[in-house]
Structures are given as C-alpha cells and as structure tokens.
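K.L.:
The opening residue of the sequence shown carries number 3 in our numbering; numbering runs sequentially from there.
Be a bit skeptical, because a hint or two may be false.
[As the list claims (entries may be wrong)] Here are the computed distance ranges between Cβ atoms for each label pair:
1) G59 <-> K133: 33 to 41 Å
2) D33 <-> L226: 37 to 45 Å
3) P41 <-> P89: 28 to 36 Å
4) D233 <-> A140: 35 to 43 Å
5) P89 <-> A140: 31 to 39 Å
6) E221 <-> A130: 16 to 24 Å
7) D233 <-> R62: 23 to 31 Å
8) T44 <-> G232: 34 to 42 Å
9) P220 <-> P112: 20 to 28 Å
10) E188 <-> L36: 36 to 44 Å
11) L36 <-> L271: 30 to 38 Å
12) R62 <-> L36: 31 to 39 Å
13) G269 <-> E183: 31 to 39 Å
Honestly, the hints are just simulated from the structure, not real lab data. Think of the CB as a built atom: it goes at the ideal place given N, C-alpha and C, for glycine as much as any other residue.
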Amino acid sequence: MSRRSLIVLVFAALLGGCTFQSGPSFEAAGDRELVWPTPPETARLAWAGEYRPGARGYRRPHGLGVASDGRVCIADPGARVVWLHAPEGRARYVGAGKLHSPVDCAFVGPELLVVSDSMAGQLVAFDARGKVVWRSAAGEMARPAGIAVDAEGQRIVVCDVTRHRLVIVDTAGQVIGEIGERGAEEGQFNFPTDVAIGPWGRLYVVDAMNFRIQILDPEGRAVLTFGVAGDGPGTFHRPRGVSVDRQGRIYVSDALFDVVQIFDGQGRLLMALGQRGRGPGEFWMPAGVAVQDGSRLLVADAYNRRVQAFRLLVAAEEMR
C-alpha cells in the first residue's frame, strides 16, 4: 500500500466520528435595531442576527433543538447532516454519511443528540463525539419528523407523520408508547409534523392537514385545540413547526404564508412575524422554531438557507 493510500484510509477513519469544525457561525445584528411590530406599536421582537456557518453553509435547515447550556442543533436534510452550534459561536456538523434525511433534532442531557431520520424511518442517537450510539428498530416508525424531550430527559416524543400518531421512545431508543390515530376528532391527527413540550409537560402538536394545533396532557388527553384552514391572521395553510416558551406562548411557523404566528396559551393570536423575502424578519418556507433560554426565538428559514434569531422583548401579559 502506498503512503498516499494509507493517508487516505486514516483520514476516512477519522471522518467516521462525523465531527467537523467550522469557524464563527453567528452574525449578530448591527447597530440599527429592527423591531416588530414597527412603531408606534409596542415592540415585542427585535432582530438579533442569523446563523450561517462557514463556507459550506446550510443547504435546507429544517428542525431546531436547543439545550439549557446554550447549544443549538439544526437538522439539515439538504446536506444530510446536523449542525451543532456552541455557545461561543463556533459550529461543527455530525452525521455525514450516516443520515438520509435528518429533519429534526433534540438534545438529551449533555451527552446525547437524537435525530429523526425521516426517509430511513428511524431515530439516530449520537454521542458528544459524533459517533452513533443507537438507532431505533427498523419498521417501528414510518416517517419520523418533529421530536421533543421532556423536562426530565426520560421521554422522547416523535411525530410519525404518515402513521398519524405520536410515538414515545425512551433514551435507549425503545418504543414505550404511542398516542393518536388518523382522524379529525380531538386526540386524532392528520399528518402531524412537529411537537413541543411546554409547561406542565403538555404536548403541543402541529396537526398539519387538520390545520390546527392540538394541546394534550402528558398522557395524551386533549386539553385544547385551535386553528382552522384559511388565509387570514390566526388561520393556517401549511403549519410546519411549533415551540412554547416559559410563559406558555405558542410559536407556529407556516411554510406557505412565510410567517411565524404567536398565540397565547388559549390559542388567541398575539402577533405575526414575517412575509416572503430575504431580509431580516422575512422568510422563505420557514420550518422549525425554537425558544432559547426564554429570551430568543430561532426560526429555520429553510429556502433562505439560514436560521434567524430574534430577542423577545416583553412578558406574556404585555404581548397582547
């Protein structure tokens, strides 16, 4: 074997861990503050900047996950990797050659990253070095998408889109329960695409083709349903991602309207952010949304190949 061939093989082995380092990845907002709504209304959100990692960049950022220590994960099905952003601003990606279509991701404690690989029909867990720890059994899910982890870090909730249900998985990748079936009644779903876990352990589900958000208790019993199909404020056309903050505000992206709508805990519209475009606060097919540390809203701006960040300026009672 030639020295050149040996070097290639060693390099390939090193890539097996699937961790790559990139430079600083977050571009902070400049001196001019952009806020929404615009004056004279009370500002509720301010432009904070955007993630655009390195020369490689995103292909199609989709699902987002945040950790309490400031880490951010971004599932990129276009690049078939998951990006990991450290609090100090540097980025790397994991999963190269090991994922078919990563559409969402979530942190489970300090050591585990769980990814929904939609086309493979599996969850894939990586350790802190980017090595695969486990894969869920083949056939247990048809098209996993949005995922969320409970506050105790013990249950992983997964949207199984084409089987119209939520699947509950433990931290070893074993299925321990499921919620729902296809239908339009409370507790039933029609292509659920994303899920978040909010106050009191409640599940917030994007019930996409029923054009609504369902709120369930931890056992899967219906608490509240809101939303209808339409083209006006407070309605949905292609709801895609959901997140919930500590005050119970609900953030829902709509990929066709190119907006993120914000609702109170009773499903009443508080405000909408966005329109089609490439500037700050504009979107092109927004997907995942996440609230980071109760102070920032992150939006995966899929076809603009970036993740936008906004500062939350007001308390829940002031956002009306």
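K.L.:
Now tell me if each hint is right for this structure.
P.N.:
Hints, verified against the model:
1. G59 <-> K133: 33 to 41 Å: Violated, at about 25 Å.
2. D33 <-> L226: 37 to 45 Å: Holds - the Cβ-Cβ distance for D33 and L226, about 42 Å, lies within 37 to 45 Å.
3. P41 <-> P89: 28 to 36 Å: 33 Å, holds
4. D233 <-> A140: 35 to 43 Å: Because 41 Å falls inside the window, the suggested range holds.
5. P89 <-> A140: 31 to 39 Å: 36 Å, holds
6. E221 <-> A130: 16 to 24 Å: 33 Å, violated
7. D233 <-> R62: 23 to 31 Å: 25 Å, holds
8. T44 <-> G232: 34 to 42 Å: 26 Å, violated
9. P220 <-> P112: 20 to 28 Å: Holds, at about 24 Å.
10. E188 <-> L36: 36 to 44 Å: Given about 40 Å between the Cβ atoms, the range holds.
11. L36 <-> L271: 30 to 38 Å: 22 Å, violated
12. R62 <-> L36: 31 to 39 Å: The hint (31 to 39 Å, Cβ to Cβ) is violated, given that R62 and L36 are roughly 25 Å apart.
13. G269 <-> E183: 31 to 39 Å: 23 Å, violated
The structure does not agree with the numbered hints 1, 6, 8, 11, 12, 13 stated previously, though it agrees with the rest.
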